[in-house]
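Since chain P is already given, all that's left is putting chain H on it; use the hints.
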Amino acid sequence: MSTATSAPPMIKASGVNKYFGDLHVLKEIDFEVPRGQVVVVLGPSGSGKSTLCRAINRLEPINSGEIQVDGKPLPAEGKALAALRADVGMVFQQFNLFAHKTILDNVTLAPQKVRKVSSGDARKTAMELLERVGIADQAQKYPAQLSGGQQQRAAIARALAMRPKVMLFDEPTSALDPEMVQEVLDTMTSLADEGMTMLVVTHEMGFARRAAHRVVFMSDGEIVEDSTPSDFFTAPKSERAKDFLGKILTH
Amino acid sequence: MFDFLSEYDVLGAFWLTVQLTFFSAIGALIWGTILAGMRVSPVPLMRGFATAYINLMRNTPLTLIILACSLGLNQTLGMTLAGQNFEQQNYRLAILGFIAYTATFVCESIRSGINTVPVGQAEAARALGLGFTQVLGIVVLPQAFRSVIGPLTSVLIALTKNTTIASTIGVAEASLLMSEMIENESDKIFLVFAIFALGFVILTLPTGLILGWVAKKAAVKR
Numbered sequence: 001m002s003t004a005t006s007a008p009p010m011i012k013a014s015g016v017n018k019y020f021g022d023l024h025v026l027k028e029i030d031f032e033v034p035r036g037q038v039v040v041v042l043g044p045s046g047s048g049k050s051t052l053c054r055a056i057n058r059l060e061p062i063n064s065g066e067i068q069v070d071g072k073p074l075p076a077e078g079k080a081l082a083a084l085r086a087d088v089g090m091v092f093q094q095f096n097l098f099a100h101k102t103i104l105d106n107v108t109l110a111p112q113k114v115r116k117v118s119s120g121d122a123r124k125t126a127m128e129l130l131e132r133v134g135i136a137d138q139a140q141k142y143p144a145q146l147s148g149g150q151q152q153r154a155a156i157a158r159a160l161a162m163r164p165k166v167m168l169f170d171e172p173t174s175a176l177d178p179e180m181v182q183e184v185l186d187t188m189t190s191l192a193d194e195g196m197t198m199l200v201v202t203h204e205m206g207f208a209r210r211a212a213h214r215v216v217f218m219s220d221g222e223i224v225e226d227s228t229p230s231d232f233f234t235a236p237k238s239e240r241a242k243d244f245l246g247k248i249l250t251h
Numbered sequence: 001m002f003d004f005l006s007e008y009d010v011l012g013a014f015w016l017t018v019q020l021t022f023f024s025a026i027g028a029l030i031w032g033t034i035l036a037g038m039r040v041s042p043v044p045l046m047r048g049f050a051t052a053y054i055n056l057m058r059n060t061p062l063t064l065i066i067l068a069c070s071l072g073l074n075q076t077l078g079m080t081l082a083g084q085n086f087e088q089q090n091y092r093l094a095i096l097g098f099i100a101y102t103a104t105f106v107c108e109s110i111r112s113g114i115n116t117v118p119v120g121q122a123e124a125a126r127a128l129g130l131g132f133t134q135v136l137g138i139v140v141l142p143q144a145f146r147s148v149i150g151p152l153t154s155v156l157i158a159l160t161k162n163t164t165i166a167s168t169i170g171v172a173e174a175s176l177l178m179s180e181m182i183e184n185e186s187d188k189i190f191l192v193f194a195i196f197a198l199g200f201v202i203l204t205l206p207t208g209l210i211l212g213w214v215a216k217k218a219a220v221k222r
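Top to bottom, those sequences are chains P and H.
Residue 1 is where the first sequence starts when you use UniProt numbering, and the numbers rise one by one after that.
Residue 1 is where the second sequence starts when you use UniProt numbering, and the numbers rise one by one after that.
Fair warning: there could be bad hints in the mix.
Here are the computed distance ranges between Cβ atoms for each label pair [unchecked claim]:
1. F22/H - E194/P: 53 to 63 Å
2. G137/H - L249/P: 40 to 50 Å
3. T207/H - E194/P: 47 to 57 Å
4. S147/P - T63/H: 36 to 46 Å
5. D22/P - S112/H: 27 to 37 Å
6. R222/H - R35/P: 36 to 46 Å
7. S112/H - L23/P: 25 to 35 Å
Keep in mind the hints are simulated off the structure, nothing from the lab.
Model, not experiment: these values are computed from the prediction.
All residues carry an ideal CB built from backbone N, CA and C; glycine is no exception.
This is chain P alone, in the form it adopts within the complex:
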């Protein structure tokens, strides 16, 4: 890992604290996502993992501490923040495709409006991406006409169209019917295989085992464990991780 020391990590959080009113949802979070790695964040509901994911592109502002993306601290507001977000792809639990636009327009919108790519080029890239996620035949439909799995794959294509440096996935399969989870995970796995830097908040243990370089376990707003998937799943160190794994892996 000699290259990792020369370039700054893609995401670096240090001493991050976040409150929702009196509730302390992120407690002194320190962690890194090195370039090219897939980091999976696991943890029970309410552990702060989604908040952490959303804090990285400042959809949730933090109260103290610092988050750096690609060596630069997060800008506070305005154009600089928009420019940073353009480089950070995000996939949401609820897909959040623009409901009044076709799938193709969803994918071409940001490259045209933010990157000022010509409509022809944006279209070409969009069709390639839709082809890659396997829904090129749905390009002219509206989001509501697609299944959940197809919508989420379209959302991944939309994020990729901006050619992001890093992708954030905020529980991308939690709102899907069980039979559609796999198609989305397959898309994410192929993305990981291509070397995309990814931070994935998920409940999919299978994906964590197969695709993750590292697993971060969060509980009550703290990072409790940060280890390799094999270590985490076979030999968790903390009681909270053992308890969590005991609940989800026994049945």
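Showing chain H alone in chain P's frame:
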């Protein structure tokens, strides 16, 4: 029974009502949208201005606003809006007053429409790097508009009827002619009322029907 009608230009008067409504509606839609944008903007000064403006205008009687446009803006401050004569000036000032007043209702309708757009839509747009005006103009407002065509139709119908207040500053729209006819044809008062009531129904009923159909067509499926 209807012979006396030939002495009056009823169609011409209603045509002026249509014109007043049309230009006021366009202006109110534009100004109301800008106000709505200001009300949801992150800049406190803009939010403050829009809120103050709406509270002031919406709670002021329209008659007062229209009179203030004529007596205050025109006769005291000399604003003519490039009108060549008294009639044209008052016609334009009336439109200005209707825009200033109706825009507050347009704004509040649009704002309620913005609330129907799921937060995730704006978040996704922001996460892609779009700025505030782009998020609002490309993602949020187009969806908000589609959900408030119904309420906006009510605003438009109210505006159509409110244009009768322009008669207070001598704009020769339908109700001014009605007043004149009531004075001259005192034996046919109910007939005169009926004619003008019917005239307004003919204007507003199709508006409601057509826009109701448009609202159904334009609805965003989620």
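Verification of the hints:
{"no.": "1", "hint": "F22/H - E194/P: 53 to 63 Å", "result": "holds, 57 Å"}
{"no.": "2", "hint": "G137/H - L249/P: 40 to 50 Å", "result": "holds, 48 Å"}
{"no.": "3", "hint": "T207/H - E194/P: 47 to 57 Å", "result": "holds, 56 Å"}
{"no.": "4", "hint": "S147/P - T63/H: 36 to 46 Å", "result": "violated, 57 Å"}
{"no.": "5", "hint": "D22/P - S112/H: 27 to 37 Å", "result": "holds, 32 Å"}
{"no.": "6", "hint": "R222/H - R35/P: 36 to 46 Å", "result": "holds, 38 Å"}
{"no.": "7", "hint": "S112/H - L23/P: 25 to 35 Å", "result": "holds, 30 Å"}
When each numbered hint is compared with the structure, a violation occurs for hint 4 only.
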